[in-house]
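**Q** So you can see what is in the structure, the chains are spelled out below.
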Amino acid sequence: MEELLDILKELHPDVDFEHCTTLIDDKILDSIDIVSLVAEINDAFDVAVPAEEIVPENFNSAQALWEMIQRLDEA
Amino acid sequence: MSFASAQFLCFFAVLFVLYYLIPRRHQWKLLLAGSLFFYFFAGWYCLIYIGVTAVTTWLAAQKVGRLQQEQDAWLKAHRDQMDKEQRKAYKAAGKKVRWRWTLACLLLNFGILAVVKYTDFVLGNVNGVLAAAGSAARLPMADLVLPMGVSFYTFQSMGYLIDVYWGKYPPERSLGKFALFVTFFPQLIQGPISRFSDLSRSLYAEHRWDSRQIAMGGMRVVWGFAKKLIVADRLAIPLRELVSAPEQYTGIYVLAVMFLYAVQLYADFTGGIDITIGVSQMLGVQVTENFERPFFSKNIAEYWRRWHITMGTWFRDYVFYPLSVSKGVLKLHQKARAKLGEPGKRVSVYLCTMLLWFVTGVWHGASWNFIVWGLLNGVVILVSQECEPLYAKFHGRFPGLKGSFGYRLFEVGRTFVLMSSIRVLDVYRDVPLTFKQVGTIFTSFRPSVLWNGSFLELGITGADWMVAFFGTLAMLACSLLGRKEPMREQLVRRNPNLAWGGCAALVVCMVIFGIYGIGFDATQFIYNQF
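So the sequence lines, in the order shown, correspond to chains C and B. Residues in the first sequence are numbered consecutively from 1, following this note's numbering. Residues in the second sequence are numbered consecutively from 1, following this note's numbering.
Treat the hints as calculated values from the structure; they're not laboratory data. No residue lacks a Cβ here, since even glycine has one placed at the ideal position from N, Cα and C. Misleading hints may appear alongside valid ones.
[As the list claims (entries may be wrong)] Quick list of simulated restraints, FRET-style, between CB atoms:
hint : chain 1 : residue 1 : chain 2 : residue 2 : range
1    : C       : 47        : B       : 375       : 27 to 35 Å
2    : B       : 359       : C       : 6         : 30 to 38 Å
3    : C       : 6         : B       : 96        : 34 to 42 Å
4    : C       : 43        : B       : 435       : 38 to 46 Å
[What the hints assert, rightly or not] In silico BS3-like links for lysine-lysine, alpha-carbon gap of 30 Å or less:
hint : chain 1 : residue 1 : chain 2 : residue 2
5    : B       : 177       : B       : 95
6    : B       : 393       : C       : 9
7    : B       : 335       : C       : 9
8    : C       : 9         : B       : 327
9    : B       : 168       : C       : 27
10   : B       : 327       : B       : 91
[To be verified] Examples of chain C residues lying across from chain B (beta carbon under 7 Å, computed):
hint : residue
11   : 32
12   : 35
13   : 36
14   : 38
15   : 39
16   : 42
17   : 47
18   : 51
19   : 60
Go ahead and model the full structure; you've got the sequences and the hints to work with.
**A** Structure below.
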């Protein structure tokens with residue numbers, strides 16, 4: 001989780017990723033941020049995020065992202 | 001059959017009455033029959049094209065859904081006998097089979113779209129190359145007729161199929177119901193490009209007479225017609241004149257083309273979508289909004305999130321994301337990062353962004369104008385992205401500026417000017433001419449034409465210019481006042497009589513100031529050609 005937070009903070013240093021749960025709903029992350037994030041997740045966790053997983057529910061918070069990474073790793 | 005025609009009004013009046021008279025369980029069937037009838041008016045051959053898309057997509061989705069079901073059932077039964085890697089391998093193999101069926105259908109339908117829309121463009125370019133090489137040989141043009149709304153219904157159907165492939169929802173079992181999703185008549189002319197998950201529930205539901213919804217829908221239809229007939233079609237007249245003789249209309253005229261076209265396109269496209277959504281609302285069907293006050297955007301990226309929203313999200317979800325997370329692009333990301341360090345992280349993202357805008361340009365039309373238009377949008381978005389640190393530095397030095405009204409106004413104005421400048425590629429016949437014309441703004445501005453009466457010789461009178469001006473002001477005011485809740489809803493809630501009075505006044509304005517009647521062709525909405 002810490003590594004994921006580091007990746008997120010690198011994208012937007014000014015955002016409180018620990019607590020924010022509306023990253024997509026409030027348009028904090030845009031589509032370019034999302035694909036950058038997916039590439040970083042692929043590098044850092046060796047997890048491929050398929051396009052169908054790129055939905056607001058999976059990207060609205062760091063916790064949701066972390067749960068998606070774990071689920072994809074398990075699948 | 002255009003929205004702005006007596007035929008359409010008669011067609012809709014009959015359909016509307018029957019819709020609420022027949023047993024409710026048959027309403028969706030009437031909508032299907034009405035949609036096919038509406039489409040038949042565009043030419044019987046068009047029914048073949050849309051029929052092929054509907055049937056092949058339905059068949060492919062059935063197959064993909066069944067394969068998914070079988071795979072899930074097998075996996076459930078054998079889960080305990082498999083380890084994690086075996087499960088992954090089984091799922092991957094199943095996905096591959098489903099993808100083959102999906103791909104076959106995508107290739108067929110996008111192939112049809114490509115052939116009918118781009119054959120002459122390709123042939124024209126081949127002829128251009130032959131001419132440049134000194135050959136006298138020329139390929140004859142195919143002159144294929146473009147079926148009405150082919151881009152819109154193809155994209156909508158393919159989006160549905162990809163969603164089924166991704167397992168977002170099971171396929172629709174009824175071919176008739178699915179055919180209605182593809183052919184639903186209010187959307188056929190210029191979208192929006194709906195998602196099955198958004199549209200299907202209200203499209204297939206049984207609807208009781210709901211006076212409020214019907215009144216709201218009706219008011220929206222009137223507002224849409226007013227935008228189209230009073231503003232868009234009025235401005236179309238001087239624009240046609242200005243574009244038809246580019247060598248005569250240079251300098252400040254080109255600036256006028258930019259801004260007039262921006263207003264015309266807005267009035268035309270949002271007016272058409274208002275009619276689409278209003279007509280659907282009168283039938284109890286909820287269609288996705290396609291605009292969110294786009295000209296109040298702070299930058300181009302935001303503008304594209306608020307203009308033709310359903311097209312933008314379609315390209316994002318079905319082109320940009322799949323491309324960006326594909327194995328090849330992720331490999332490129334790793335390589336670029338290893339070679340270039342931090343800046344390398346952006347290479348693959350920027351490449352995909354440019355590809356996305358190239359495809360968006362191609363979708364808009366079979367010409368180099370639209371390709372350059374798309375690429376310019378991509379370049380502006382990426383340059384803005386790269387300038388982010390500079391903006392941050394600037395705002396760090398002037399902290400009070402960012403939230404101020406003046407700066408917000410500057411941002412909105414900048415977006416409008418930038419978008420209008422890029423959009424001008426829509427209007428002139430080719431790219432070199434467009435750049436030449438824009439160049440004359442700086443070389444032969446000639447502001448005197450503004451007050452020497454030249455603008456009164458462009459096919460409309462001074463009174464027409466005033467009507468267009470006040471019409472544009474009315475659209476602006478409605479946008480501003482309808483930030484949180486549409487104007488008609490506010491009016492009906494506060495004073496229904498005033499709302500109905502306003503609606504009646506708008507109809508009177510349309511009768512007096514609308515551009516229509518014998519000899520005038522209001523048949524085409526601009527986005528119909530895309």
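**Q** Tell me, in ascending order, the numbers of any earlier hints that this structure violates.
**A** Hints 17, 19 contradicted; others consistent.
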